[in-house]
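Participant: Generate coordinates for the entire structure from the input sequences, incorporating the hints supplied.
Residue numbers (the numbering used here), protein chains in the order written: chain P, 42 to 305; chain R, 35 to 262.
Simulated from the structure, these hints should not be mistaken for lab results. For clarity, every value in this text was computed on a predicted model and none was experimentally measured. Here a beta-carbon is modelled for each residue, glycine too, at the ideal position from N, C-alpha and C. Check the hints yourself; a few may be wrong.
Pulled a few chain P residues facing chain R out of the computed Cβ check, cut under 7 Å [as the list claims (entries may be wrong)]:
(1) Lys44
(2) Thr47
(3) Ile51
(4) Glu55
(5) Phe125
(6) Ala129
(7) Lys130
(8) Thr133
(9) Arg296
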Amino acid sequence: MTKILTIAHIVWLEVIRRKDVYVLLVLMGCLLATLVSLNVFGLGGVVSYILHIGLLMTWLFAWILAVNVSARELPQEEVRGTVFPLLAKPVTRLELVLGKWLGAWSVVTAALLLFYALVMVVVLARGGYARPLVLAQGFALHSVAVGVMAALAMAFSTRMNHDAAASLSYVVTAASFLVVPRIPAFIAIESGLHANLLMALYNLLPHFEVFDMRRRISFDYGPTPWIAFFEALAYGLALIVFLLTLAWLAYRHKRFSRAAATNL
Amino acid sequence: MFPSRQGAVRALDGLTLDVKPGQVFGFLGPNGAGKTTTMHVLLGFINATSGDARLFGANVRESIARQRIGYLSENPDTYRFLSGHELLVMTGRLFGLGGKRLRSRVQEVLDLTGISAVAHRRIATYSRGMMQRANLAQALVNDPDLVILDEPTGGLDPIGRMEIRKIIMDLRSRGKTVFFSSHELSEVELVCDRLAILARGRLVAEGKAAELVAPGESLEKYFMRVVA
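Facilitator: Printed below as a string of structure tokens:
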């Protein structure tokens, strides 16, 4: 466990020193301040919309951060050539994959906490409110969604370079967000092969909508029933385990390119 | 055997080396001879098509086999966002070191490699020579019995080369086994107890430099003759 934590610690130091989180935090602060001060669409005074848009931004920024950080960790080790001295130590490839994922997930979750705190500061300053229990549930599920995104990007990055892994992860996660919840409606009007293909797609892509509690938080719909909450949590954890297993299987016998490390 | 468009390429062929404990063993060969591939097989990065590599009695694929070795890769880059001190602490933790033992070992290695004064600066601000010494320091933090160095002086100026040479001599005086590859024949001649020459994946010479080279012949001429 010490080895996994040490590798995760290196990921933390890298992300913090690259200042990715600060940039997104400042950007979010600016967007929220603009939203409040300019009274966009006349909604400046409606706090629930500020909260809703703020939460949308936390999803957007956490998505960018999770995919970017996770997709670059393993390929970067190869390009930099540090994978050789790292694996020359008593570190297994499974520990390397788990350490990288843990580092990426935990640092993005910490950033997520800052994003939520910033949104809540703005909302409270405008006289708004969100139930702490609903907020806590929303944050926990959001954190699990971030873990799934990180595991997906990491699985792709075991066999692709950073750019390709990040692009593919963005496409898959965006499709999961935007298309998957609408697939049942399409299946209802299709038949035969089309319906079967849509059903396969529906089952294959991750269902990020189960982790999304923005409406419940913004419009005070009350907490998610605990059964549904734990089901979503279990689904997310199962997805993470599945994706990390795929990542490890793809990575355990991978031959690293010396050309990448020596820029030949 | 590696697959290629021209068919399978035999990168190494029946290679057996005799490296005694406490020796500095030089591993020579032209580019593409298979030196780094040998080291990668030894470290378990790639599997040999036949035969197996064992270190201290354990299969190199098992992480425990790497507990007593230190490795410096041919690539000089490292985690530039860390300081030299942080790099060594992280490396020590990967070897299971902690507490007082880790702190004293880190300081010892910083002193040995001569980077104590810049230990708390980011590696990104180091010169090439200092970066190489930081890399060498991470290879020594676990106090290894076997140190594998892949072209440790590559790209260094004469002063940097001399400093690395001094560290290798120091390791020998402490009874460590050093296995290193280099293109610098004069350097190999200076520090190695024994050497081996590899060409096209085959061992073409092995022994003490003084025994291999004919009277009046330089190591360079000998090298050119046997790899031709």
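Participant: All the hints need checking, so say for each whether the structure fits it.
Facilitator: Do the hints match the structure? See the list:
1. Lys44: holds, 6 Å
2. Thr47: holds, 4 Å
3. Ile51: Holds. Min distance 6 Å.
4. Glu55: Since chain R brings a Cβ to about 5 Å from glutamate 55 of chain P, closer than 7 Å, the hint holds.
5. Phe125: holds, 4 Å
6. Ala129: holds, 4 Å
7. Lys130: Interface hint status for lysine 130 of chain P: holds (5 Å vs cutoff 7 Å).
8. Thr133: holds, 5 Å
9. Arg296: holds, 6 Å
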